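Participant: Residue numbers (this note's numbering), protein chains in the order written: chain W, 108 to 436; chain Z, 108 to 436; chain R, 108 to 436.
Don't take each hint at face value.
Because identical chains share one entry, a pair is satisfied inside a single copy or across any pair of copies.
To be verified - Below, in silico cross-link-like pairs of lysine-lysine (DSS-like), each with a Cα-Cα straight-line distance of 27 Å or less:
hint	residue 1	residue 2
1	385	337
2	138	385
3	385	142
4	286	436
5	286	138
6	436	385
7	286	337
Derived by calculation from the structure, the hints in this document are not laboratory data. Predicted, not measured: the structure shown is a model, and the values here were computed from it.
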Amino acid sequence: VLDGDGSLEVGRVAAIDEAEAGDLTFLANPKYASKLSGTRATAVIVHDDVSDAPCAMLRSPNPYLTFAESVAVLTPDPPPEPGISAQAAIDETAHIGADASVGAFVVVGAGTRVGARAVLAPHVVIGRGVTIGDDCVFHAHVSVRDGVAIGSRVVLQNGVVIGSDGFGFARRTDGSHQKIPQVGTVAVEDDVEVGAGSTVDRPAVGETRIGAGTKIDNLVQVGHGTRIGKRVLIAALSGIGGSTLIDDDVTLAGQVGVVGHLRIGRGVVAMAKSGITKDVAPGSRIAGFPARDVDEWLQGQALVRRLSDLGRLVADLTARLGALESRLK
Amino acid sequence: VLDGDGSLEVGRVAAIDEAEAGDLTFLANPKYASKLSGTRATAVIVHDDVSDAPCAMLRSPNPYLTFAESVAVLTPDPPPEPGISAQAAIDETAHIGADASVGAFVVVGAGTRVGARAVLAPHVVIGRGVTIGDDCVFHAHVSVRDGVAIGSRVVLQNGVVIGSDGFGFARRTDGSHQKIPQVGTVAVEDDVEVGAGSTVDRPAVGETRIGAGTKIDNLVQVGHGTRIGKRVLIAALSGIGGSTLIDDDVTLAGQVGVVGHLRIGRGVVAMAKSGITKDVAPGSRIAGFPARDVDEWLQGQALVRRLSDLGRLVADLTARLGALESRLK
Amino acid sequence: VLDGDGSLEVGRVAAIDEAEAGDLTFLANPKYASKLSGTRATAVIVHDDVSDAPCAMLRSPNPYLTFAESVAVLTPDPPPEPGISAQAAIDETAHIGADASVGAFVVVGAGTRVGARAVLAPHVVIGRGVTIGDDCVFHAHVSVRDGVAIGSRVVLQNGVVIGSDGFGFARRTDGSHQKIPQVGTVAVEDDVEVGAGSTVDRPAVGETRIGAGTKIDNLVQVGHGTRIGKRVLIAALSGIGGSTLIDDDVTLAGQVGVVGHLRIGRGVVAMAKSGITKDVAPGSRIAGFPARDVDEWLQGQALVRRLSDLGRLVADLTARLGALESRLK
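Input sequences plus hints: build the corresponding full structure.
Facilitator: This is the structure we're talking about:
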């Protein structure tokens with residue numbers, strides 16, 4: 108709902124404290140509500156329940172989502188021009204879809220199929236026998252190894268690795284390590300985004316899978332044979348051990364670690380730096396290491412902070428009880 | 108020892124719950140023993156003490172190792188065809204060994220020597236004066252900087268960096284930081300494997316060293332001047348500070364941190380997320396931050412979980428002692 | 108101040124326990140003082156208050172800084188020869204400064220300006236509309252995305268990514284995630300160094316900024332819209348959430364995590380593995396998760412280690428009080 112002059116024109120999006128006349132801004136995080144009165148923006152996207160602003164208001168039940176849609180309209184990111192660079196090395200048995208844009212020094216291996224309107228930035232390396240859906244965007248220095256299957260509308264940020272060998276070794280009698288050949292594969296479903304420098308390993312047998320609509324941040328490690336459900340969010344520097352099952356709609360905050368061979372139930376939320384060592388029931392909110400219920404963990408932390416008080420109390424009780432015992436002896 | 112029809116043929120390896128007729132599977136982790144009765148595999152590799160399976164059994168004292176060997180036989184990974192891509196940039200003073208496979212856009216610097224049967228995937232960049240042994244496999248986007256020495260049968264997964272500058276700065280009087288030129292080198296011994304995106308820094312003086320047979324997982328940081336022994340295992344997202352000595356046969360689980368200038372004794376095992384701040388005696392099993400004996404740490408964690416009980420007990424004692432004191436006043 | 112034979116010649120720098128005749132070494136970390144008497148170096152840089160060594164002494168109030176300067180003199184790193192590789196792909200509208208060295212397979216996009224004496228190692232990819240100052244060194248496989256602004260004397264180690272999309276998604280009513288287009292930019296000021304594999308994201312609006320003289324180690328994640336001040340040090344595997352403000356002269360040790368939307372005051376020092384969840388006052392020294400004053404945290408850790416003693420004491424008090432109560436009943 109627009110509240111204000113409907114004929115106003117905005118040409119740019121900006122942060123609430125950096126916006127100038129002609130800019131559209133937004134207020135999604137209530138933490139910043141105090142900044143609203145001072146904004147110089149021409150219009151602001153606010154939550155339905157905001158009543159007053161120094162500029163036109165565009166009310167929305169989900170200001171962040173409305174903002175996302177507005178940015179896409181105001182600052183469209185023009186796709187690179189279609190065409191295959193003369194400096195790319197595309198195997199003659201590979202198929203590149205219509206209207207794809209393939210940059211300089213891209214390598215595409217034998218038998219690989221890339222869908223329509225793909226953007227392969229310079230220095231993307233795709234192995235042999237890979238399948239890639241339509242409308243994917245792979246940024247510079249992405250590696251996709253042999254045999255991986257990738258859906259449509261998948262975005263891989265710079266330096267992402269899909270299909271590297273899992274960390275699988277068997278110990279020999281002499282203590283040395285025998286590599287387990289990692290001949291399984293990786294499947295990345297539709298609408299997945301993977302952040303810069305993240306790595307997704309392939310397993311010895313079977314597959315590693317990233318479910319549709321899952322978004323992974325930078326420098327995240329996904330172990331071999333792990334299956335991640337749909338619409339999962341994983342923040343930066345988290346690591347998921349091998350053969351773990353992460354159900355739909357799970358959220359892992361930054362620097363979370365998940366041991367291998369676990370099952371994390373649907374909708375679980377793990378706070379930053381959680382270390383998950385056991386299966387987690389659906390809907391749980393967890394924190395700490397070993398991770399447990401977040402309220403229990405917060406209470407435990409508060410009690411640890413009061414440990415010196417407890418120690419003093421016990422010392423006082425000891426003295427008083429001793430005095431009483433002496434008197435009554 | 109084969110227990111079953113010796114004329115059975117298997118053509119593929121598969122996970123125990125995904126195997127079909129014609130597949131070979133394995134049971135190494137006792138956690139999955141219950142899956143054995145339901146497998147549809149034609150044959151299963153099991154531990155010597157397993158007595159019954161719904162298919163042929165191949166018994167082994169080390170099923171995981173036998174599985175590793177079976178995979179290598181059943182699904183041999185054909186090496187890329189030997190030859191040097193016309194699109195590679197090999198310095199004329201570099202030497203590439205017999206039967207090597209050098210992909211598109213590979214760069215090899217002046218005076219570098221690469222051993223026989225090396226596989227340098229597309230987009231590998233090797234600096235000047237590097238030596239590389241026989242039978243190495245470097246995946247796409249690996250960087251090896253000037254002067255590094257690498258042994259034989261070394262595997263570097265995608266995006267690995269060997270020989271980047273260590274994080275060495277001296278503070279000037281004005282609070283700014285003067286870079287210490289990192290003119291030392293890195294030595295990687297035989298049979299090492301390094302996971303995708305991991306980085307091994309070079310020091311100001313001397314060398315950083317990774318011992319023979321050591322295996323490093325993805326996104327691991329090895330600091331400048333650190334020496335890692337033989338057959339060490341380091342899991343994902345761990346970081347080792349500079350000038351630290353990690354002895355043979357150490358295991359570091361995921362997201363472990365080791366402060367610089369320490370000595371970690373032979374055979375130490377550090378649990379996930381350990382933060383190691385002091386020297387560790389050989390054979391220790393440690394956990395937590397600051398890391399200490401794993402049993403002590405587990406006991407401490409259990410006591411923290413019971414802190415609210417302890418608090419209630421102390422409150423109860425306080426009340427009872429107060430009542431007694433009043434009565435006796 | 109030189110103490111010893113002023114005509115001595117040294118030709119190499121070496122670690123104190125590896126130095127041979129003809130080498131210059133240094134003693135900066137008092138932990139290694141015991142190694143001084145055994146060194147075979149020809150000369151050693153020591154702190155002003157060191158009185159005795161088995162070789163010539165070069166005394167300095169800051170031995171590490173003097174060492175840094177000595178290394179630069181003794182082992183000058185010859186810059187690569189100027190020139191642009193015939194195998195680079197430089198857009199015709201890009202400008203490369205005088206005496207720059209541009210390696211094989213480098214990509215520079217339309218409208219980008221690179222300053223004088225830049226070293227762009229092989230496989231560096233620079234987007235469109237980027238500005239880069241003078242005397243920068245970018246190692247192999249660096250990615251700099253469209254529109255980023257980089258100052259002078261900036262060093263980017265291998266595989267660094269500047270300007271990847273921030274992790275910004277708005278939740279739709281059906282639980283799926285709408286990407287917020289990340290159309291802001293990144294500014295990296297003069298004299299910054301970023302370690303191998305680290306990533307700096309661009310925001311939806313405004314900019315991410317790294318202040319002058321800041322040094323970032325390997326595998327560090329800097330979130331979108333975060334502003335880092337001047338002379339900040341950030342060690343390996345740390346992650347900074349989005350929209351956080353890190354003031355000048357802050358030090359974050361390894362594997363530190365900082366939640367988004369915080370302000371970390373000037374000169375704060377955070378110990379390894381700290382998890383910072385609230386604003387931090389200038390000058391604070393913090394540790395733990397949630398991070399708090401380092402002395403409080405150390406005391407808390409010590410108390411946890413004595414929890415079993417406290418438990419035994421409370422059990423003893425309970426028994427004694429019960430006995431007293433029975434007697435007096």
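Participant: List in ascending order the numbers of the hints, as given earlier, that are violated by the structure.
Facilitator: 4, 6
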